[in-house]
Amino acid sequence: MKPRQEEPAARTTMASRLHRRLERRLPALTRHKSPESLPVTLSRRRIYILPTRFGLGFAAVLGVMLVGALNYANNAALLLTCLLGGIGIHAMLGAFRNLDGLVAGALHGDSAFAGESLRVRLILDAAGRERPGLRLDGYGGATVTRVETAEHGVDLHVPTLQRGWMPMPRIRIHTTWPLGLFRAWSWIHPDHALLVYPAAEASGPPARDQGMDPQMRLALDGDEPAGFREYRAGDPVHRIAWKLSARHRDLLVSERDRPDTRNARILDWEHAPGLAPEQRIARLARWVNEAHASGQPWTLQLPGQVLEPASGNEHYHRCMTALAELP
Amino acid sequence: MKLRWPGRRTAAAGERRRLGRQAFDLLALTMAMVLVVHAGHLPGWLSGSLAVLLAARWYQRRYRGGRVPLWLRLPLTLGLPVAVIAQYGTLFGQEPGSALVTGMLVLKLLEAEHSRDARTGVAFACFGLMSALLFGQGMLATQIVGLGLIPAIATLNALEPARPPWRWRNAPGPVLRMLALALPLALLGFFFIPRLSAPLWGAPGDATARTGISASMSPGDIGQLLIDDSPAFRVSFDGHRPPRVERYFRGPVLWHFDGRTWTRGHTSAQHRARSRSSRIEPLTPMGGFHDYQITLQPTRRHWMFALDMPVSPPADGHFTPARTLLHGKRIDTILSYRMRSSTRYVLEPTLDATTRERALQLPAGFDPRARVLAEQWQRQFHGDPKSIVDAALRLFHQGGFGYTLAPPPLGRNSVDDFLFSTREGFCEHYASAFTFLMRAAGVPARVVTGYQGGYWNTMGAYLLIRQSDAHAWSEVWVKGRGWIRVDPTAAVQPARVDIGAMAAAGASREWYQAAWLQNLRNRWDIVNRWWNQAVTGFDALRQRGLLKPFGIRHAGARQLGLAFAIGLSLLLVIAASLALWRRPHVDPARRAMQRLERRLARLGIVRERSEGPRNYLMRAADELQHERAALLALLDAYLHLRYASEGEETESVRNFVRQVREFRPRRAVQ
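Protein sequence lines, in the order shown, are assigned to chains A and B.
Residue numbering for the first sequence follows my numbering, starting at 1 and increasing by one per position.
Residue numbering for the second sequence follows my numbering, starting at 328 and increasing by one per position.
Here chain B stands alone, though its shape is the one from the complex (with noise of 0.2 angstroms):
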């Protein structure tokens, strides 16, 4: 908000004229879709009441004229902070940040009544604009705040005095005329401005993650990224991509059971110590190999995804002891990275002594039913992990279990309250019940989050995984093979494997679920991947590979700066030269005539400033005796051309011109 002290108000004249009345429509509609681009995170009530704000302002301006009195503005600006600190509970922030910014600008146009006000209200726009990219840069997000950056233009251009006559129409033209001639610019700074290595400050958004797999599961925990459409990552595979079913990208892997939540098992300090130290999982590849390039969206944590089983840890990543994937930084921003990975292998042969206990770890005192079952099976098949996995399988295959996006909350016994009365669920329902069965069984088993699946899309040749392709399943330890991946889930619902969550669920969707629609968008999305590899995904290292084709293998800072610094000349050279080009025009006749008389000067015949064409060339016919006839057969061309003739004609002009041209008179020869 705006302190007037007295000095302000002696601004220049123009600066304290009132506002126009397209100028404040302009003014709101800017503030409008600031908004709109905002509404997407900000509480409902907050933005639903800065909307009726405006458009009261709006109407009031429009319809009734004069300014908002101070005693209704004041309690609002004073509100605002109030409410946003009660909404959040701090004024700092990204959100809370966005609120106050959008606030802001709706009490701007409030007080908006000159053109000072909405040249100040059009600068914080466009801070606002850009601030709502931080929550997420994707095309379309770009495009709608590109889009607000129409009417922020054209109210700067509405504030002009003395400009052409208004029409609704026509506004946007200049507007989209001046936007698409800085974008050689923007396009320069865009690729040449160097992108800091680290950041200045605190990246947002580190208190929450809102999307992707966390680092636990409690059944039902992974139900609200099911409906969660949004990409995961996308992967392009070098040769044939793997059948659907062998399309598991592995992820966090969790041991410890406490009866309710199946965690990682250690705290990240502790994991840091262990997978710095210990040693990783042995795997022998046995083929099904396949070499990829994944784009991570951001996930705000550190570990990355890869096919099952990968072999080797891209450049800026390493293996967890479980082969995990873990990224040396948090993830921020998009990114791209190498693998190779086996979907035939053996992983860790021989289990230690440490290990087996952890992969056979149970809470006491929970699900007393389910470990009789599964003692049971233990002594019936003597122990044999191939017969008990199998007798899981079967009980989940027969028994009358059904899968479901959205089940029946389940009691203290989770694993017995789905097993033996609930029957219904999803992935993690499955996951969990099945390997707490086989570690009551006596098999060493755990628990593996990931997705699996995804969406092909045929036009990109790539592989869409979304976070509803979200997924978890087991991994059973069988002497002598290993590690062996086991989805309970298929058992129940084959079709998950094969179609994905939504579509395994078969009800209740939402109508933007639809089945066409979500084709629709599937085949949209690589659009979407176009703009994260052109625009979003550039980072420090596309750009040190930008100079290549100068010689310039690793581009630092200055060699950037200096290119952007070159780009940037030329550009203004350009520009300036074409600002400062006029159209010559200078019409044909004149033109031959000042040629003749270049050429009669170079014989020392200049033509006097006070001269007509008729004194000037009967002065050069007595001079040049030798050329009088053609010098005074010019003379008669150019007189009937420019006196005698009525109106254009081309056919003349084009006559003293051919004339003039074959005119080429010589020194007479003394």
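So here's chain A without its partners, still in its complex pose (with noise of 0.2 angstroms):
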């Protein structure tokens, strides 16, 4: 099994050690939460359950009622404490009840910086059974639901801490529903991996300029009308010239100028010397954000690959990929 992303609040303690060489050594213990694929049926093979510490109490509670019935020979108190004892096995069943059957159907995943959390999608299907007091945690953070309906979404912050592929930590589903005197659980370990990007340096030098004065390079990129053509399939809406086509046979879409990419920022490799590559990744990360966030086209020149001019959200995400994915 990999090594796993430990929880963030330093939990690397004697136990976790512990628990991490039983589940190497005996992987019948981890078999179910070892990754697999979605969707993943919560059923008995994979409910665990076991009293809660306030269970333990209320037991305790029960015990001493019912010697105190017993001693007294009085059978209404003794009648109440079997009552209160059937309840508590119905609260068992009922939190076992609450998990049995639970689908996690599918993971969304975002992506987000190293160092911020990362909001996943977990989509749970109720199966038909309203499931309230759902808990989900172990992935490093935590959150409460209650599942109604087949397509029910759930928004996981899943904590990063480096650039790159992160596999999808496993997740504890548990609930103390109805009583809070038992405690079911179950682990969900989807085999999906999510995209860290780099985190961005806080301030540096700017990237470097090709050297042409930006008021120039605003007029020459300004995306005046260079002309009309006929429509073809794939044109998006707003491009049509309206009024213009009513005048005319077909529809026209008004050109634009395809963006002037021999004066794209360069964002190069080479730019950022001197620095370990975390760091310079870090810069590069910075010096995408700053282009993407003018709006202006920028190429990406890393070593072994460029990335050819453009600007936008999709090639904003190529370039934040390559990075996060440098070796």
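Derived by calculation from the structure, the hints in this document are not laboratory data.
For each residue, glycine too, the CB sits at the ideal point set by N, CA and C.
To give a feel for the contact side, a few chain A residues facing chain B, derived at Cβ under 8 angstroms:
hint: 1; residue: Phe54
hint: 2; residue: Val61
hint: 3; residue: Tyr72
hint: 4; residue: Ala76
hint: 5; residue: Leu79
hint: 6; residue: Gly86
hint: 7; residue: Gly133
hint: 8; residue: Leu179
Just a sample of chain A residues kept apart from chain B, beta carbon distances all over 10 angstroms, derived:
hint: 9; residue: Leu18
hint: 10; residue: Trp269
hint: 11; residue: Glu278
hint: 12; residue: Ala293
hint: 13; residue: Ser294
hint: 14; residue: Ala322
Join the two chains into one complex using the hints; note that each chain is given alone, in its own frame.
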């Protein structure tokens, strides 16, 4: 099993180390904790249940009540105690039933910068039973939810530490519903990787420009219509020149100048010399952020690959992915 | 109270969540219920101030918010045990304990801010509810206590996160459902958990006995009993019931008079020694037999009651010389026993000298006028007992005597005062004065206490004897005839014997003693009796007979424990399978398709995971040429059903299911 992302709260205690060793030695223990592909249906084979601390305390109180009732030969008190005992067992089965049959259907992860938390949406299917009081944790965050529908999304905020592909940490889904006497839990470890973008450095030198006057660049890069052409399938609707088309047989589409890629900013790995690789990546990430924010096209040149000049969200994500995936 | 040491701060996050409004309201309601069930035996000032405290805390948290400051909580917490000690003199025992528990629960509400507080509070509230049952396990009390469980369980439920939207209206539903589901297990435990044969520690209420007839009688004593409406015992007769005037239930016999109080005339230790050694007064029954069963409420005393005159003692009791029944152990639980009595009898036709002396004992220096009167009778009737008795009864009947439950107080010479000045009283006064007169006139006499009358419950066919039916009468000894019962009260107020003490007294009833209400309560008693028989009176003896249908005559703790374990396992298996059961939602078309797949698989045509229905059935049609037409028809029907039809078409589904059922593919004979 891959070493798993440790929870941030410095939990590397004796117990967790022992736990990990146990998991390595006894894979049977972790059969349902190893990564698996969704959907996962929680069933009795993977639902564990134990009394909570309050449950144990409550049992102790019941024990005292039982002894008292028997000692005083008080049948009404005995009946009451037995009734509470029955409710306790009902609570145990209720906790189990609250998880049994729940389906973890799919997982959609956003992307985030390292150090921030990453929003992952887990789709849960109630499978025909209302499931209140569900808690999800173990992935570094915690959340509570109530699942009623077949397409119930829960947002998990997974903390990230470093850039790159991060395996989805395993999620503990547990409940003490209905009375807090028993805790039923199950682990879901989706076979899913999350992309973590490198964290941009806070401040530093700006990206080296191409020496062109920013004023001139602005003029050159305007999106003035450069002419009109006939509509082709796939053209965005907002590009259609409706007034002009009204006087024509066909729809006309305004054609804009393609961004002047020759004047794109060049964000080059080599422009940040003398830095450790991670710091270089952080700097490039800042440059990419800045370029994306300014709306100008840019090209990203990394060792072994060059991302052609472009702008926009897609380009941005491509660049960030490339940065994240750098060895 | 909870001590907070540093380590406890690091509880799980869920435990530290602040208490929501509903949870707090429910917790307050739980505590209020505990207070209600205990209010009956707490001193008024304590339950009153606790109720005020509870209401104030609820108001404060609901409308002002925030916690109660420590400077307010601390004195209250420290003050509670002090107050309990001030009231009871001790912290231990049933009543101080219940005061302490109730007070602590209300104080717990004062500091309740987090889920953990609420949980602890609920657990101890359950204990508080249960401890209320030690004071009385009547049906109504038990039901009120059971009602208290609802807010307690609802509180626990309200502490869970991400719960469905809250509505007070819908709140009791799930809890009641939970209680209903818990009931089978509760009953199993109730029937099969082995009862202790002897208590592990002292049973409660050692010090004081509140109910029932006591070991002595000084005129004015039973007065408290006569307004106590709680049941003393219930009698069901095998044959016909005795007429009202014969319904005298014999209790302790009092021999010794000290001028004020009648007692049994010896200490208990002496008594035990005597009753073991000395002979029981011989009885010759002459007829009027009654066989019956008495179900006695706990008295915390030893004696049992029986219709005059019991013929033989029940299994676990014995007679005193004067034929009062004594139980081997103190009666702390409901006791049922079978008896046989005779209403026409001769008791002790010859009297030995010692007994005669006891039956003529009078204190020196008391009641001179009564002595003079009695001696005058003795001379007048030449010592004939019957005439002397008649003279005394005539005096009561015609001498301007009245019957009242609120008699004026008597002075030092109580008999003189009663006979010659106040002339008002109830059974105690008459029995006491009559016996005194008899003894002074040289007729051996004694006082018998017990119960008389009772209410016949027609529906349940049993006789209900309440504490208010307590009575005292006399027995005089006549040579050759033995002890004869004389009820001087009847001479004054025959109605006492006919309609009961309260009705006979006529006046001054509280509103809750109104006749129609009394009547209603008498009728209602049948439910209490049922409860007593089914629940309260279910004792070790009846438990032992529980396994009789399984061939075990006397089930010991081991067999009962085994039965409990078996029953528990069975219930758990049922419950677990119910919990595991998921409503299978497979539509009929899919099920039919699966059936078809199974049939084809038997012929070796197994559907691949990647195969859709079309590919699969086409392949099957290719392989089974002789079934090709049928298979293609099936395929058509299925595809039509699945992809060409809109919505539910039950008709075509049914057709497809039928087609599949009729389709029985065979391997082609090569």
